[in-house]
Amino acid sequence: EDQVTQSPEALRLQEGESSSLNCSYTVSGLRGLFWYRQDPGKGPEFLFTLYSAGEEKEKERLKATLTKKESFLHITAPKPEDSATYLCAVQASGGGTSYGKLTFGQGTILTVHP
Amino acid sequence: EAQVTQNPRYLITVTGKKLTVTCSQNMNHEYMSWYRQDPGLGLRQIYYSMNVEVTDKGDVPEGYKVSRKEKRNFPLILESPSPNQTSLYFCASSFRGGVETQYFGPGTRLLVL
Chain A
1230 EDQVTQSPEA
1240 LRLQEGESSS
1250 LNCSYTVSGL
1260 RGLFWYRQDP
1270 GKGPEFLFTL
1280 YSAGEEKEKE
1290 RLKATLTKKE
1300 SFLHITAPKP
1310 EDSATYLCAV
1320 QASGGGTSYG
1330 KLTFGQGTIL
1340 TVHP
Chain B
187 EAQVTQNPRY
197 LITVTGKKLT
207 VTCSQNMNHE
217 YMSWYRQDPG
227 LGLRQIYYSM
237 NVEVTDKGDV
247 PEGYKVSRKE
257 KRNFPLILES
267 PSPNQTSLYF
277 CASSFRGGVE
287 TQYFGPGTRL
297 LVL
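Residue numbers (my numbering), protein chains in the order written: chain A, 1230 to 1343; chain B, 187 to 299.
Some hints here could point you the wrong way.
[Said to hold, decoys possible] Quick list of simulated restraints, FRET-style, between CB atoms:
id, chain 1, residue 1, chain 2, residue 2, range
1, B, Val200, A, Lys1308, 42 to 50 Å
2, B, Glu256, A, Glu1246, 45 to 53 Å
3, A, Ala1239, B, Glu187, 27 to 35 Å
4, A, Thr1340, B, Glu187, 28 to 36 Å
5, A, Glu1285, B, Ile198, 42 to 50 Å
6, B, Val200, A, Thr1296, 45 to 53 Å
7, A, His1303, B, Thr199, 40 to 48 Å
8, A, Lys1286, B, Val200, 43 to 51 Å
9, A, Lys1292, B, Phe281, 24 to 32 Å
10, A, Gly1270, B, Phe281, 46 to 54 Å
11, B, Leu297, A, Asp1268, 18 to 26 Å
12, B, Glu187, A, Asp1268, 17 to 25 Å
These aren't lab readings, by the way, just hints derived from the structure by calculation. Glycine included, each C-beta is placed from N, C-alpha and C at the ideal position.
Next comes chain A alone, as it looks inside the complex (with noise of 0.2 Å):
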């Protein structure tokens, strides 16, 4: 059974103050990690998709990497407006229709203080 387990639960910075995130999974063969950012009432938005070990992408103030056990993301100098629950979530690769099925952890609620 794939598992993805994130951490902290919620993590409190200071602007500007540097962090990063964790993600941990279990999966019998990864085709694809997603990053996602779900504001409060509203739907998850797509942040990154990391395909293999030692792969990295950046957005603005954030940064995706990606080991064979966990993803972090690195948030740099973030402003109030980077508050938000962060989330991951795995695709395993299986045959037939499996490949459609995702698996999401609990996410992790950031909170910047200005």
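We have chain A; now place chain B onto it with these hints.
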């Protein structure tokens, strides 16, 4: 505007009264999926559909039904809702599923009394 729409956005019902939550996308996506989100449990996949007339169970399909008769629509049916189905529901779509970006709807908040 490319989007995924859900209706209703908020619903209060009673145990056992059948209900349907509609989901529609205007992006000609083949893949659609339903999730529920509960505090501390994150998003859990209920059902997904790779294409018209093709549906598969996710991690928590019990108590739910789906149908995909048209490409753009993917309704979620609760034949006999129970209080443990009180949750926030999201519909999502992507071009073909797989590792492609999923676009999420705004969510439907359901309360079953």
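Evaluation of the provided hints:
Take Val200 (chain B) and Lys1308 (chain A): their Cβ atoms lie about 45 Å apart, and the range 42 to 50 Å holds. The given range of 45 to 53 Å is respected by Glu256 (chain B) and Glu1246 (chain A), whose C-beta atoms sit roughly 49 Å from each other. Under the hint 27 to 35 Å, the C-beta atoms of Ala1239 (chain A) and Glu187 (chain B), about 33 Å apart, fit the expected range. The hinted range of 28 to 36 Å is satisfied by Thr1340 (chain A) and Glu187 (chain B), whose Cβ atoms lie roughly 30 Å apart.
For the pair Glu1285 (chain A) and Ile198 (chain B), the beta carbons lie near 46 Å from each other, so the given range of 42 to 50 Å is met. Judged by the Cβ atoms, the range 45 to 53 Å given for Val200 (chain B) and Thr1296 (chain A) holds: they are separated by roughly 49 Å. The given range of 40 to 48 Å is respected by His1303 (chain A) and Thr199 (chain B), whose C-beta atoms sit roughly 43 Å from each other. Between Lys1286 (chain A) and Val200 (chain B), the C-beta spacing of about 47 Å keeps the proposed range 43 to 51 Å intact.
Distance hint check for Lys1292 (chain A) and Phe281 (chain B): the Cβ-Cβ separation is about 26 Å, which falls inside the suggested range of 24 to 32 Å. The beta-carbon spacing between Gly1270 (chain A) and Phe281 (chain B), approximately 27 Å, falls outside the hinted interval of 46 to 54 Å. Here the CB-CB span from Leu297 (chain B) to Asp1268 (chain A) is close to 22 Å, well matched to the stated 18 to 26 Å. A hinted range of 17 to 25 Å holds for the C-beta pair Glu187 (chain B) and Asp1268 (chain A), which are about 18 Å apart.
Figure legend: structure checked against the earlier numbered hints; the only hint not met is number 10.
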